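I would like the entire structure built from these sequences, with the hints used as guidance.
One line per chain: the protein sequences are A and B, in this order.
Using my numbering, read the first sequence as starting at 8 and increasing by one per residue.
Using my numbering, read the second sequence as starting at 8 and increasing by one per residue.
Read the hints as simulated data drawn from the structure, not as lab findings.
There's no promise every hint is true.
Note: identical chains are not told apart, hence a pair may lie in one copy or across any two.
[As the list claims (entries may be wrong)] Result set (BS3-like, lysine-lysine): computed pairs, CA atoms no more than 30 Å apart in a straight line:
no., residue 1, residue 2
1, K294, K110
2, K26, K257
3, K59, K26
4, K59, K229
5, K229, K294
6, K78, K59
7, K155, K257
Note that the structure is predicted; figures quoted are calculated from it, not measured.
2 protein chains.
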Amino acid sequence: MPILTALLLAAAPPPATPKIRSPGDAVKAARAADWAEIPADELMVMDLANGKRVVIQLAPIFAPVHVANLKIMARAGYWGRATVYRVVDNWVTQWGLGDGPFKSPPGVIDRPPEEYQRSARGLTLTPMGSPDPYSSMAAYTEGWPVAKQPGGIVNAAYCYGTVGVARDAAPDTGNGSELFTVIGATARRLDRNYALVGRVIEGMEYLSALPRGTADMGVYAKDQSPLAITSVRIAADMPAGQRPRFEYLKSGSPAFADYVQLASHRRDYGVPSPGADLCAVPVPVRKVGVKS
Amino acid sequence: MPILTALLLAAAPPPATPKIRSPGDAVKAARAADWAEIPADELMVMDLANGKRVVIQLAPIFAPVHVANLKIMARAGYWGRATVYRVVDNWVTQWGLGDGPFKSPPGVIDRPPEEYQRSARGLTLTPMGSPDPYSSMAAYTEGWPVAKQPGGIVNAAYCYGTVGVARDAAPDTGNGSELFTVIGATARRLDRNYALVGRVIEGMEYLSALPRGTADMGVYAKDQSPLAITSVRIAADMPAGQRPRFEYLKSGSPAFADYVQLASHRRDYGVPSPGADLCAVPVPVRKVGVKS
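Encoded structure:
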């Protein structure tokens with residue numbers, strides 16, 4: 008039988024070599040309707056003293072009270088004297104007022120609920136398809152990577168660039184005034200323990216490539232200079248012509264399914280893997296033209 | 008029955024609150040015999056023009072021909088004009104001679120075998136215990152994180168700090184003269200496609216915190232300065248008193264099993280996860296005193 012099959016195949020014209028498609032090919036092929044714009048009041052724009060800009064997509068779907076706090080703080084100019092003051096290799100970069108406490112602006116809830124996880128009710132989950140050591144199912148919803156836990160509970164996943172709320176040991180001690188982003192490989196143990204308020208979608212390299220802190224816990228030592236933050240704004244409050252705008256690929260679209268499939272088994276790299284980490288298959292985000 | 012049990016429990020003295028042990032506690036409790044010294048001829052010491060030092064543990068167990076090449080190159084002073092010239096955020100930092108080709112020193116095999124994977128025969132695998140989307144079993148052997156594939160094949164895993172061989176698209180085009188290390192979150196798709204020659208065990212921050220390259224593919228642009236490498240030596244060739252020395256926790260030791268268990272379900276962080284990424288549970292390595 009193998010010989011016969013070989014002969015039959017040889018008798019047919021050789022097939023054209025199929026192009027090996029990359030995840031980027033799937034993203035490029037997405038239609039305009041497959042993309043959703045991130046609302047301007049869910050974009051936080053952080054300008055640094057070195058002239059660089061970091062844009063953070065906020066996650067009210069997971070941490071509504073914390074995100075409301077962040078907006079109040081931004082609008083009150085609360086971070087006017089804030090700095091990036093802690094950088095730990097393969098772990099996090101952290102910023103805020105640091106040596107506070109300062110009095111929170113009116114309206115801030117200083118002891119918000121934990122908000123590490125939420126009910127899956129009302130969410131449409133698109134399964135990712137690979138086994139996830141941190142949950143019973145890796146999935147996507149509303150443009151975010153999530154993990155489904157037993158009991159109908161869902162938490163957002165801590166991947167590279169995720170923004171979380173720094174706090175003391177007690178779970179309710181972080182109001183959002185001190186934030187961190189993941190600059191390392193493996194932070195998923197934070198999923199069910201630290202409130203996740205967003206992710207960096209532009210300028211990540213201005214937080215990840217900073218010198219590592221040499222004092223305790225990776226805080227900058229006396230001979231290191233914290234990086235000053237010059238302003239933190241919500242994009243909706245900026246003049247329309249200056250607002251940065253971004254879109255994400257909708258989890259339910261055919262292009263997204265195609266992307267996840269290709270990104271989970273990278274044939275374009277050679278031997279494909281049976282699956283992939285949830286964080287290795289991030290939701291595609293793209294910048295759109297500045298509003299005219 | 009529940010009521011009776013409760014009464015019985017209440018009648019007994021309250022148990023002492025158990026201390027929540029961290030993975031570090033398991034490492035601290037390891038006996039001297041649980042540690043193995045890395046041979047001095049498997050340590051590559053790379054000194055940078057800014058005075059910083061990077062130490063790489065070599066992996067002859069996985070890529071013997073490539074590692075032999077690296078030793079010949081180091082001993083021949085081949086990297087005398089090499090630089091760190093490419094840095095891609097959330098991906099890799101790369102170094103070497105870059106704009107070669109230069110003639111390889113005598114003894115270098117310019118087209119080594121692929122060496123991306125090897126037979127599991129002769130290896131003792133210590134299972135890691137969590138599901139791995141990239142293989143049929145995550146495990147450890149001889150101090151390295153590995154993935155078992157169907158058919159008795161094992162490959163070393165590309166985690167943060169792993170050192171691999173840069174190459175063109177053809178699988179046999181890298182002899183080791185250009186190397187990269189993983190500075191990002193998710194590089195496991197390289198496991199079965201790029202030769203793995205080692206891992207950074209000291210000075211990783213001097214490669215991960217460099218400015219990202221702004222030219223094509225993250226190469227440094229004309230207005231950026233590549234970081235010069237002043238010397239690359241094998242520790243065994245250094246004067247005994249100057250050799251850096253390191254030990255790793257043996258995979259088969261009880262302390263290692265305890266460590267893996269604690270690191271896979273971080274109760275010290277709060278709610279433990281059902282498992283963990285292989286790369287989230289790295290083999291503990293420690294520096295030992297400079298030889299007198």
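We went through each hint and held it up to the structure:
Proximity of K294 to K110 under the C-alpha cut-off of 30 Å is found in neither arrangement, the shortest distances being 36 Å within a copy and 45 Å between copies. Taking the closest pair of Cα atoms, K26 and K257 come within 30 Å of each other only inside a single copy of the chain (25 Å); across copies the shortest separation is 45 Å, beyond that limit. Within a single copy, K59 and K26 get their C-alpha atoms no closer than 39 Å, and across copies no closer than 44 Å, so neither meets the 30 Å cut-off. In the homo-oligomer, the alpha carbons of K59 and K229 lie at most 30 Å apart both inside one protomer (24 Å) and across protomers (20 Å), since each shortest distance falls under that limit.
In this assembly of identical chains, K229 and K294 lie within 30 Å of each other by CA distance solely across copies; the values are 26 Å between and 38 Å within a copy. Proximity of K78 to K59 under the C-alpha cut-off of 30 Å is restricted to the intra-copy arrangement: shortest distance 21 Å within a copy versus 41 Å between copies. In this assembly of identical chains, K155 and K257 lie within 30 Å of each other by CA distance solely inside one copy; the values are 19 Å within and 35 Å between copies.
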